[in-house]
Amino acid sequence: MSVIPLPASGRTPVLRAAGDSALIVELGDGIAPALNAAVHRLDRRIAESGLPGIVETVPTYRSILVQFDPAVTGLEPLGQTLLDLAAGLDTAAAEPQRRWIVPVCFGGAHGEDLDEVARRSDRTTAEVIDLHCSADYRVYMLGFSPGFAYLGGLPEALHQPRRENPRMATPAGSVMQGGAQAAISPIVMPSGWHLLGRTPARTFDLRRDPPFLLAPGDRVRFTAISPAEFNRLEALPGFVPPSETVPAAGKEVAA
Amino acid sequence: MTTHLRILAAGPSSTIQDRGRVGYQRYGVSVAGAADPLLHAAANILVGNRPDAGAVEFALAGDSLTVEGGPARVAVAADVAVTVDDQPVPAWTSLRLRDGQTLRVGPLRSGMRGYWAVQGGFAIQPVLGSVATHVRSRLGGLDGGLLKAGDRLPLALDEAPDQGEATLDPSLLPARGGTLRVVLGPQQEYFTAAGLAAFLGEEFTVSHEADRMGCRLNGPAIEHARGFNITSDGIPLGAIQVPGTGQPIALMADRQTTGGYPKIACLVGPDVAALAQKRPGDRLRFRAVEAEEAQRIHARHRETLDALPGLRRSAGGFDLHDSTRLLGFNLIDGAVTGWD
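Chains as they are written, first to last, in the UniProt record's numbering: chain D, 1 to 255; chain R, 1 to 340.
Chain R with its partners taken away, still in its complex shape (with noise of 0.2 Å):
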């Protein structure tokens, strides 16, 4: 028998993603893929899987699971309350499930969006080059929608290897703040130098109408020149559109293709999924920056990415029957090492 993972009880919304369809925006087709690409390799790369391998993004509260056949190596990467069989066990740390072993990831206790992944990730077939779910389009993932009780994810390794675990101090990620950096435009003559000012000097809030596909604002409203309609063209990741209502949209990992809506903005890459993490209510600002110094914060963002690997600690032979001792690992101490 093939290694599964049941699970139990799903997250309110959690989908399989990896780093989203590329190629096809040109038939309509959204990119989908992790809203956080940071967390989204992390978790990867605790379970010594590639960082951009299908993972579970969940929103708000993760899932639980049960191993059918196995063992199976997981791991959590998120702020959040994780067990096994009903034992505390900590996140950001690779674990080894036997078969029938519970695993429980409860609510965030800070972000929007955590991830969980699995050694050697799942046996799905991709569609269209992916396995990223966009579930407006039933693509991808499971028959393309949410993760739901019941649902028997398919393992591509059947018995995860007895080997070293591994951890991950989260304190080491970039921290992220309330202020996000953005690229003035495409279509930034659409404002009055009034809507622009209110754009980039006052206070905005997380709206509750905020998915994977777009991110309502609430704040002042951003006056327009020129009338809201375009001609349609494509979106970029991270636009921020603005309808007739003047209050923002910023466009996330499942936006369409295309839009008529006027773009003020361009959120810089690594912000966009500091974005992802915000709850509703939560204050933000937007700071302009030129182009040129978004590509200098898109390269740094790169090579935090391409650094993570190296912030793995080995986190010694984890026994669930002495998990106390993990959970007292001091994760801070001592030179970051590789795992391997």
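Isolated chain D, as found in the complex (with noise of 0.2 Å):
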């Protein structure tokens, strides 16, 4: 189908049809900050515009999964809105975003890997808490099960391969890194990432409105609390952790 390229950045969209009733506007490809932000804010506009047959979106690290009614729309005229919208992004503004302060217990029974997270890294324990603690998160996306939100912004010197032998059970709530990535986990799950820690927060809870804590395009920082901290949190019904709004910035920042 078109190309476009996206006078703004350089970048091109791609348009890929995707059967009858669904299209992928491909923004680039990998995995990066800018690149993200940029399906994030085309992703809010289609949401905005109210584009007549779309039934839902799935933004991804670097693409937009639109599925439509083709009673309603078709590939080509639809195809060519989205076209349009995405070479009509601003991507030198940022828009605000929310970012969620997430306490998180580190270590002992909490965090069953942080120790050799540590050893690893060839840091201490108290240094892998504070390299946590001082990224900012982005939640590139959501998938896996659900509320399962895919977390970048790793520290480099905390990068490592997963588990040679994965879990079977890993505790909801679980602070978790694999690779280059972080996750929170919603629910209990199998899971080959190494447990540095847990939260109170659920980021999945149907008995909460709405269920999922965390959105694509949200930020996320880990704050260190302690034992007792976490259990009286955890106690309380329905915890939802702080949030603040960061503003818009004029560039977004490649970290």
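Rather than coming from a laboratory, the hints here were simulated on the basis of the structure.
Worth double-checking, as some hints may not be accurate.
Computed list of chain R residues with no C-beta within reach of chain D, every gap over 10 Å [as the list claims (entries may be wrong)]:
#1 T2
#2 R50
#3 D52
#4 L142
Covered, in the sense of this in silico footprint (three residues per stretch, anywhere, with C-beta under 8 Å from a C-beta of chain R), are these stretches of chain D [to be verified]:
#5 26-36
#6 52-61
#7 132-146
#8 206-219
Just the calculated beta-carbon pair ranges, DEER-fashion [claimed, not checked]:
#9 P220/R to S49/D: 43 to 51 Å
#10 G244/R to P190/D: 19 to 27 Å
#11 G310/R to A47/D: 36 to 44 Å
#12 E203/R to E164/D: 34 to 42 Å
#13 E244/D to D79/R: 58 to 66 Å
Every residue gets a Cβ at the ideal spot worked out from N, C-alpha and C, and that includes glycine.
Combine the two chains into a complex, taking the hints into account.
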């Protein structure tokens, strides 16, 4: 299908047909903050534009899957509209973002792999915790299971391959790292990622409205808490961590 | 007391399904929903429900259940033997069951999945806008699980009214062949010309690893041109991904929302259900169509779905004590009339 360059950045959005009721708008390839920020800006514009026939969109690292009702619209007209929206994106101006301050009880029974991650990265556990709490994570996308957010921004010093032997069950609220990424597990699930700590916040809780804590495009910072504070917060029904609005900056920080 | 259906024995993979959970894929929530929306709609229409109401989807064999309270009106849409209190009754026909009567839905004679619906639907709380069961994330249905013996399914309608029964001739439904239509892409450039030729030219067999999430196919290895990893992106219904083994996997109703294998093609809408009805060992081929043709196929399929209520015919006042009369009913003869 059509390929039209995106003037502001020189990137080339590509439209890809995905069957009779979906298409993919690809803004680039790979995992990069500025690229992902453009994805979420375009996704928001699609939502705000109220285009007829759009069923839902799935924003990912570098693309958006747009599912549509072919009785209302079609690949060609919708594709052209999406390209027009992408071409009009102002990539220079970032928009305000939501940043969650997520409390984490690191190490011990809450984070069984913290010591090993420290040993492998040739650092003390205190240094590993400091590195984690200094990082400004970005929710690149959600996938895999309800509420599972892929967090980019793990300091390079902590990049490590996944566990050779995945665990069959890791507790809900586990703060983990795998490869170059971090995550908070929404529910009990199997995982080969390293467990650093646990948060009393649940990223997926059907008793809460909305049930999802993190949305694509959000920011996350971790803050260390004691086991006693963990117990206190976990006892609160439907604990939601604090959040702040990150004002619109001139340029997307290429962290 | 509210009317319930008590499950006496469940089929190997029976779940409550509607048209699925729409709007939450961005949060990692799978869509789920009926694997064969046409038969799902047929079961609902036979009992006078909306075509997208919650109904039970079963695989290979159906369920046995008893009415507690009632009466309750049910209908089975599948090529299957059905009994009420051990007396044979026809599928594709609604029946009014009294308190204590037992419905048994046997093994499928053809196809992989069938449906039974109950008038008024189930009185269960939707989760994220849908009652569709997604077993892997334990969402929807009854506590997110497969139906099992002992389950009590509460009904929204306490007493099914005494009204005429409806029937539908399944031979009027579109036939499903062994050739499935696809639109190439979104990542066909990840495959060599030989890989694409094998995909479109050779025969594939449905493997035993086929369920509501994905359908693995066995056939010639499909050659990759540039590795088999992409930066994870969204997965539409019916996408066919090819992992490192070169053996394709079609992604079905319960598919994961995102994935990192290149997708060689996507099935056109109605052919996703055609694949969902194939059994392990069944053979198939793929045929590529242009996206515009795929949209025309989709539109025609939509017309078929919309016309489904018009295929209902009156089965007359159906009396279980006179089931032989209905079994002798010629379902093909006569004008197709509305039921209402």
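Against the structure, the hints come out as follows:
1. T2: T2/R is indeed farther than 10 Å from all Cβ atoms of chain D, at 24 Å.
2. R50: holds, 18 Å
3. D52: holds, 14 Å
4. L142: holds, 15 Å
5. 26-36: Coverage by chain R holds here, the residue count being 4 at a Cβ distance below 8 Å.
6. 52-61: holds (count 7)
7. 132-146: holds (count 6)
8. 206-219: holds (count 5)
9. P220/R to S49/D: 43 to 51 Å: holds, 44 Å
10. G244/R to P190/D: 19 to 27 Å: holds, 21 Å
11. G310/R to A47/D: 36 to 44 Å: holds, 37 Å
12. E203/R to E164/D: 34 to 42 Å: For E164/D against E203/R, whose Cβ atoms are near 39 Å apart, the range 34 to 42 Å holds.
13. E244/D to D79/R: 58 to 66 Å: holds, 59 Å
In this structure, none of the earlier numbered hints is contradicted; all agree with it.
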